[in-house]
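S.K.: The lines below spell out each chain.
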Amino acid sequence: MVKLDFYDPSGGIEVTQPHAPRLDKLAGKRIGIVTNEQWQAFRTLPLLKKLFEQDFPGIEMLPIDAFPQGNALIGEEDTAKLIKKSGVDAVIVGNAA
Amino acid sequence: MKNAVSGLGLAPDAAMITFPIDMFLPGSDIAALEKRKQEFYDALTQWKPAFAQAAPGVSPLVSVEGATYEEALDKANYLLITNLWGDGLPLWPATKERVDRIIRGAALPRDHVIGKFPPRGGITTVETCAIALAMAGGRPEYLPVLVAAVEAFLDPESNAEQLQAASGSAYPVVIVNGPIAKQIRLNSGFGCLGPDPQRPAGASIGRALRLIQQNVGGALPGIGAMANYGGMRYTNAVFAEDEENLPRGWLPHATERHGFAQDSNSISLVFANGAINIRRRGAKKETPEEDTLQGMHRMADFMRTPNLTNLTGYEKGTPGVIMIPGVVAQTMARLGWTKRSMREFFFEHSKIPLADLRRNGGPAWIEIDANPRVRESIEHDPWPITLKPDNFVIIVAGGGHPTNSFWLQGYSPRVIGREVRVPESFDQLLVEADRDLGCGSDACMI
Numbered sequence: 001m002v003k004l005d006f007y008d009p010s011g012g013i014e015v016t017q018p019h020a021p022r023l024d025k026l027a028g029k030r031i032g033i034v035t036n037e038q039w040q041a042f043r044t045l046p047l048l049k050k051l052f053e054q055d056f057p058g059i060e061m062l063p064i065d066a067f068p069q070g071n072a073l074i075g076e077e078d079t080a081k082l083i084k085k086s087g088v089d090a091v092i093v094g095n096a097a
Numbered sequence: 001m002k003n004a005v006s007g008l009g010l011a012p013d014a015a016m017i018t019f020p021i022d023m024f025l026p027g028s029d030i031a032a033l034e035k036r037k038q039e040f041y042d043a044l045t046q047w048k049p050a051f052a053q054a055a056p057g058v059s060p061l062v063s064v065e066g067a068t069y070e071e072a073l074d075k076a077n078y079l080l081i082t083n084l085w086g087d088g089l090p091l092w093p094a095t096k097e098r099v100d101r102i103i104r105g106a107a108l109p110r111d112h113v114i115g116k117f118p119p120r121g122g123i124t125t126v127e128t129c130a131i132a133l134a135m136a137g138g139r140p141e142y143l144p145v146l147v148a149a150v151e152a153f154l155d156p157e158s159n160a161e162q163l164q165a166a167s168g169s170a171y172p173v174v175i176v177n178g179p180i181a182k183q184i185r186l187n188s189g190f191g192c193l194g195p196d197p198q199r200p201a202g203a204s205i206g207r208a209l210r211l212i213q214q215n216v217g218g219a220l221p222g223i224g225a226m227a228n229y230g231g232m233r234y235t236n237a238v239f240a241e242d243e244e245n246l247p248r249g250w251l252p253h254a255t256e257r258h259g260f261a262q263d264s265n266s267i268s269l270v271f272a273n274g275a276i277n278i279r280r281r282g283a284k285k286e287t288p289e290e291d292t293l294q295g296m297h298r299m300a301d302f303m304r305t306p307n308l309t310n311l312t313g314y315e316k317g318t319p320g321v322i323m324i325p326g327v328v329a330q331t332m333a334r335l336g337w338t339k340r341s342m343r344e345f346f347f348e349h350s351k352i353p354l355a356d357l358r359r360n361g362g363p364a365w366i367e368i369d370a371n372p373r374v375r376e377s378i379e380h381d382p383w384p385i386t387l388k389p390d391n392f393v394i395i396v397a398g399g400g401h402p403t404n405s406f407w408l409q410g411y412s413p414r415v416i417g418r419e420v421r422v423p424e425s426f427d428q429l430l431v432e433a434d435r436d437l438g439c440g441s442d443a444c445m446i
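Going down the list, the protein sequences come from chains A and B. Per our numbering, numbering through the first sequence is continuous, rising by one, with the last residue being 97. Per our numbering, numbering through the second sequence is continuous, rising by one, with the last residue being 446.
Careful, some of the hints might be misleading.
As the list claims (entries may be wrong) - Keeping only pairs whose Cα atoms sit at most 30 Å apart, straight-line, the calculated BS3-like set for lysine-lysine is: (1) B/K37 / A/K50; (2) B/K48 / A/K81; (3) A/K81 / A/K29; (4) A/K85 / B/K75; (5) A/K85 / A/K29; (6) B/K48 / A/K50; (7) B/K35 / A/K50; (8) B/K316 / A/K81; (9) A/K85 / A/K49; (10) B/K96 / B/K182; (11) A/K25 / B/K316; (12) A/K3 / A/K25; (13) A/K25 / A/K85; (14) B/K48 / B/K37; (15) B/K2 / A/K49; (16) A/K84 / B/K48; (17) B/K35 / B/K48; (18) A/K3 / B/K96; (19) A/K49 / B/K48; (20) A/K25 / A/K84; (21) B/K2 / B/K37; (22) A/K50 / B/K2.
For the record, the hints were derived by calculation from the structure and aren't laboratory data.
Let the sequences and hints guide you as you build the complete structure.
M.R.: Written out as structure tokens, the structure is:
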């Protein structure tokens with residue numbers, strides 16, 4: 001038999017920070033929505049807001065214009081600071097494609 | 001998305017809910033959101049990443065066995081394809097012996113970390129480059145150019161993180177200046193965009209870079225890279241400027257754009273997403289002046305296209321790379337043209353009337369651009385396709401024939417330059433290349 005050993009070419013990756021912790025429940029929480037204003041986000045994200053509000057008593061879903069909108073702005077450090085300052089428990093980001 | 005979070009240092013996983021693209025198109029039915037609402041609720045309350053971290057920066061070995069070498073080689077290629085590490089063409093398995101041979105071309109230590117390749121964030125070392133070059137059929141003397149290209153690719157200013165994943169089919173163009181181009185058999189003349197058995201370096205270097213983009217950076221078609229078409233991606237575009245045929249007084253691109261000393265070895269990285277031949281020459285009894293002016297207008301007319309990929313590099317990048325053969329450059333120089341006067345011509349004559357832009361919806365893209373300089377540009381009529389003449393990249397390259405020039409449409413936030421460093425043993429590598437491939441001088445060329 002001929003054996004060929006060769007390198008995995010994919011390189012390693014390094015995890016340096018954990019994902020955000022999950023919420024224990026949704027009722028009574030304050031949830032932000034960050035939109036890139038692309039891919040029908042102006043329709044999908046308001047529908048999501050409505051569904052959450054229907055299904056979880058006391059939940060506060062911030063409107064989609066509560067934070068800066070659009071691909072050019074949502075990745076900015078200033079936007080992240082605004083989100084933290086708003087005191088939301090979690091954020092939904094959409095839409096990617 | 002997994003690539004994107006991995007590139008940020010998070011586990012390569014994300015609490016995401018995916019739908020077919022149809023739901024994201026104008027006028028779509030979005031009722032599926034309600035049907036799958038529980039997935040959104042679970043994502044916020046129950047989701048956990050499913051990822052176990054391996055040792056970073058270490059390339060493990062994998063094995064195949066066959067009754068014969070041919071069978072083992074086939075199995076190795078099947079494994080590369082099934083692990084999504086291939087490009088569809090046969091590859092050399094990166095055995096320890098092959099990689100050790102390639103590493104001889106390194107001026108840096110084998111474990112030197114060049115950076116994290118976006119968007120996946122794969123740790124990219126000199127060894128990572130050598131592995132890719134080994135797979136792509138490369139040689140040790142090619143490694144310095146590949147390492148410099150990867151360094152440029154990973155420059156934070158390159159915006160490679162977005163371009164690797166974007167739908168616009170960006171591909172890197174690596175322009176090499178300096179004596180190393182000829183030394184390693186990199187083409188600057190006929191067929192310089194390849195393929196070329198007499199000057200094979202560009203194909204291997206470009207293919208290796210593409211393999212790194214995919215295997216280390218995660219730019220897998222339809223998974224990590226949403227490039228609709230992905231043109232020019234098997235080998236990217238790696239070629240040299242034809243410095244021997246630069247007219248007197250015309251500076252090499254590396255000196256003009258990046259300030260590198262003439263006769264030093266360097267690369268310049270541009271992202272492009274188009275490639276088109278332009279019939280530049282006149283057809284009848286034009287004088288040299290008429291022939292030149294008509295050709296310049298024909299090139300500018302190609303640049304005057306409103307597809308707006310040039311917004312990406314509007315302020316500090318480039319709308320594209322125009323390649324003209326040395327024989328044309330020589331004629332133009334005799335008529336008083338310089339690279340600078342060509343850039344000014346292209347700037348003036350590639351402007352687009354605002355009425356044309358409005359007809360095709362172009363202003364909307366300009367208005368939503370993150371860069372205020374781009375947004376302000378809409379005040380000009382006709383609209384300049386780039387902020388300033390200096391942004392045009394002009395390269396003297398291509399075969400010694402006056403008929404055609406070539407336009408690589410830019411999609412490039414910056415034009416990144418890097419010096420090429422060679423190991424002390426480089427001359428020995430060139431001797432070995434002569435032994436393996438022939439003498440490599442012009443006299444040997446067909």
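S.K.: Where does the structure disagree with the numbered hints, that is, which hint numbers, in rising order?
M.R.: Violated: hints 4, 11 and 12.
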